[in-house]
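Q: Chains A and B are the protein sequences, given in the same order. The end of the first sequence is residue 445 by the UniProt record's numbering, with every number in the run present. The end of the second sequence is residue 195 by the UniProt record's numbering, with every number in the run present.
Rather than coming from a laboratory, the hints here were simulated on the basis of the structure. In this text the structure is predicted, and so the values were computed from the model without any measurement. There's no promise every hint is true.
Claimed, not checked - Straight-line C-alpha distance at most 20 Å; calculated DMTMM-like pairs for lysine to aspartate or glutamate:
#, chain 1, residue 1, chain 2, residue 2
1, A, Lys302, B, Glu186
2, A, Lys416, B, Glu186
3, A, Lys355, B, Asp39
4, A, Lys425, B, Asp39
5, B, Lys40, A, Asp408
6, B, Lys178, A, Asp99
7, B, Lys188, A, Asp99
8, A, Lys419, B, Glu186
9, B, Lys188, A, Glu83
10, A, Lys82, B, Glu49
11, A, Lys425, B, Glu186
12, B, Lys40, A, Glu83
13, A, Lys421, B, Glu186
14, A, Lys430, B, Glu186
15, A, Lys416, B, Asp39
16, B, Lys40, A, Glu128
17, A, Lys421, B, Glu162
Said to hold, decoys possible - Quick partial rundown of chain A residues pointing at chain B, CB under 10 Å, derived from the structure:
#, residue
18, Ile73
19, Glu81
20, Lys82
21, Glu83
22, Glu85
23, Phe100
24, Ser105
25, Thr109
26, Val121
27, Met195
28, Leu199
29, Ser423
30, Lys425
31, Gln428
Claimed, not checked - Every beta carbon over 12 Å from chain A, so not counted as near; a handful from chain B, in silico:
#, residue
32, Glu16
33, Asn43
34, Thr45
35, Asn60
36, Gly63
37, Asp64
38, Glu75
39, Ile93
40, Asp127
No residue lacks a Cβ here, since even glycine has one placed at the ideal position from N, Cα and C.
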Amino acid sequence: MEEFWTLALWALKVWLYLIVGLIMVPAMFGFSLGISETYMTILVNTLEWATLKIQKVYAEDRALKASSSNGLIQRDDGSMEKEFEELRCSRLKQPVGGDFTLSDSFYFTRRGIESIVEDEVTQRFSSEELVLWNLLTRTNNDFQFISLRLTLVYSLGIVVRYCILAPLRITLACIGLTWLVIGTSAVGFLPNWRMKFWLSEWVHVMCYRICARGLSATIRYHNRENKPQKGGICVANHTSPIDIVILCNDGCYAMVGQIHGGLMGVLQRAMVRSCPHVWFERAEMKDRHLVTKRLKDHVNDKTKLPILIFPEGTCVNNTSVMMFKKGSFEIGATIYPVAIKYDPKFGDAFWNSSKYSMVSYLLRMMTSWALVCNVWYLPAMHQQEGEDAVQFANRVKSVIAHQGGLVDLQWDGGLKRAKVKESFKEEQQKQYSSMVVGDDSSSSD
Amino acid sequence: MGSRASTLLREEEIEEIKKETGFSHSQITRLYSRFTSLDKGENGTLSREDFQRIPELAINPLGDRIINAFFPEAEDQVNFRGFMRTLAHFRPIEDNDKSKNVAVSEPLNSRTNKLLFAFRLYDLDRDDKISRDELLQVLRMMVGVNISDEQLGSIADRTIQEADTNGDNSISFSEFIKVLEKVDVEQKMSIRFLH
């Protein structure tokens, strides 16, 4: 018995030394030993092999192969005017009294049914469907027995992911977060010298690097010369809370957000001690003027870190960018757009907050293969003359969407929970009315 | 989500739906996964609220009438079978559909069935007639507040006059067919489903 405990203790010690030596130290100083690169190469090769294997089986079944494209229907996006012209070409235009035919309803009916089969918004809030299997059951359409070898590899994958990777990553995440709390609190006690800013930044970046290793994140940063500068606002598309870890790996940001309870609250309070983040109480968040004012003050102080904001206000599944809330664009600061695109092959980074809690989401991430993502820093943007906040927000959004290869959507991400505004329907009615009576002057009749 | 979709849908069920609606196997499984993702109550049926949660449908002026078409007996839930039956009206008409089903009952996506679907959007009280009042209500849904009562009334009157052949001041289904005989219903009431 005695021997068993000494052995266990010894194993634990080696385990911790290994973690410290191979992961923590490199993370602290920001270099890499090439272990994760080797892991990624093996992983990519395995997945490619599995894909080939599956394709071979499917090649015999033509129908299944054809279904690998993701769309269900093909829409033609003709304008309302054009569609009605076609509907009416069979009859004469009524000179007076309005132009209506019973077949006008066909247009709305077809559009309605199309949106039931496939719509732009709701599918952005569920996990992206993959064309090929990545040896993870949850992102796959259906697990089928394909070959013995593939099944063996799949089982081996489960063992590796749950028995080796998961414990390692959980340890790392715990160390990272504890370190963050201790480190930032300690730095907070220092007087406000230059040393403090430098130390604070170092502690932050180090902790995020440890956490990123806890997710086996492989991040490629592009165009680093455009990195957000002090006194600016960095806006990015939002997929999950991990976005913060990804961005902070490459530099520090001031966060904006609501004060949470629980674990998040402890972290937030510790972080604010060492570097000025902008946290709001729940009640304060409602007061738009206060929020704008505090952000303005922060931005005007050129010694403070750039603010990081996700203007979509909700997590989207990384296939599209949704409407940007105009708040952060009203401040008048320089905007540094950043596009983040995850590679869905290695694990689904999207946090479906209405389905999974934060902890179960993190566990899912830690049992995935890896987190591979690209970050593009885009050139700074300024509000142009005669451009209002909404137009500016849209311009920034389309730049991000274009760079990240994401679909640029007008829809409000708030639709995840809230209902659509009645005014959108009124717009459609107005457009149709003008076609019935010729022009907009009808409403005054 | 996807894995659940195929385990809950039995092979026999797929076969039956295939026969009834003409959708292909992969179309059925994919529409099933759409069905389950719309089913927020996770009870295997959709309610009106589930449909209204689709923003694009919620802003459709005829959205409520379209949703209603999924609940033919005024029930408050529709299962996958019923969902597919309604969608089947919008399959394009293929050549082999016509020849294959001559002996059997008319396919759901025939011209007549497509027109019947459109007719029922106007026929609010399901008495197989579109009265002036019903037409006015549907017109009001489409135009909102942008056209005066007076003008809308004259549009309704004229539409009924044009269609009405037996002088009962309303439009029956056969009159509806007659009025729309020149319209390319096959194309206008079809959606291009991919395989």
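Q: Confirm or reject each hint.
A: Each hint, compared with the structure:
1. Lys302(A) - Glu186(B): Cα-Cα ~65 Å, so violated.
2. Lys416(A) - Glu186(B): 35 Å, violated
3. Lys355(A) - Asp39(B): Status holds; Cα separation ~13 Å.
4. Lys425(A) - Asp39(B): 24 Å, violated
5. Lys40(B) - Asp408(A): 26 Å, violated
6. Lys178(B) - Asp99(A): Given that 20 Å is the threshold and the Cα spacing comes to 19 Å, the pair holds.
7. Lys188(B) - Asp99(A): Given that 20 Å is the threshold and the Cα spacing comes to 19 Å, the pair holds.
8. Lys419(A) - Glu186(B): Status violated; Cα separation ~34 Å.
9. Lys188(B) - Glu83(A): Since the Cα atoms of Lys188(B) and Glu83(A) sit roughly 9 Å apart, the hinted pair holds (cutoff 20 Å).
10. Lys82(A) - Glu49(B): 32 Å, violated
11. Lys425(A) - Glu186(B): Answer violated: Lys425(A) to Glu186(B) is near 27 Å, above 20 Å.
12. Lys40(B) - Glu83(A): 34 Å, violated
13. Lys421(A) - Glu186(B): Status violated; Cα separation ~33 Å.
14. Lys430(A) - Glu186(B): 28 Å, violated
15. Lys416(A) - Asp39(B): Between Lys416(A) and Asp39(B) the Cα gap is close to 14 Å, so the pair holds against 20 Å.
16. Lys40(B) - Glu128(A): Roughly 18 Å between the alpha carbons, so the hint for Lys40(B) and Glu128(A) holds.
17. Lys421(A) - Glu162(B): 37 Å, violated
18. Ile73: At 5 Å from the nearest chain B Cβ, Ile73(A) passes the 10 Å test, so the hint holds.
19. Glu81: 15 Å, violated
20. Lys82: 13 Å, violated
21. Glu83: Result: holds, 8 Å to nearest chain B Cβ.
22. Glu85: With a closest approach of 12 Å, the Glu85(A) hint is violated.
23. Phe100: Interface hint status for Phe100(A): holds (5 Å vs cutoff 10 Å).
24. Ser105: Nearest chain B Cβ about 6 Å off; hint holds.
25. Thr109: With a closest approach of 6 Å, the Thr109(A) hint holds.
26. Val121: 5 Å, holds
27. Met195: 51 Å, violated
28. Leu199: Hint on Leu199(A): violated, closest Cβ of chain B at ~46 Å, above 10 Å.
29. Ser423: 9 Å, holds
30. Lys425: 4 Å, holds
31. Gln428: 6 Å, holds
32. Glu16: 19 Å, holds
33. Asn43: Given that every Cβ of chain A is farther than 12 Å from that of Asn43(B), nearest at about 16 Å, it holds.
34. Thr45: 15 Å, holds
35. Asn60: Asn60(B) not clear of chain A: closest Cβ-Cβ about 5 Å, inside 12 Å.
36. Gly63: 6 Å, violated
37. Asp64: Violated, because the least Cβ-Cβ distance between Asp64(B) and chain A comes to about 10 Å, which does not exceed 12 Å.
38. Glu75: The claim stands: Glu75(B) keeps its Cβ more than 12 Å from every Cβ of chain A (closest is about 18 Å).
39. Ile93: 15 Å, holds
40. Asp127: 17 Å, holds
In the structure shown, a violation is registered for the earlier hints numbered 1, 2, 4, 5, 8, 10, 11, 12, 13, 14, 17, 19, 20, 22, 27, 28, 35, 36, 37, in ascending order.
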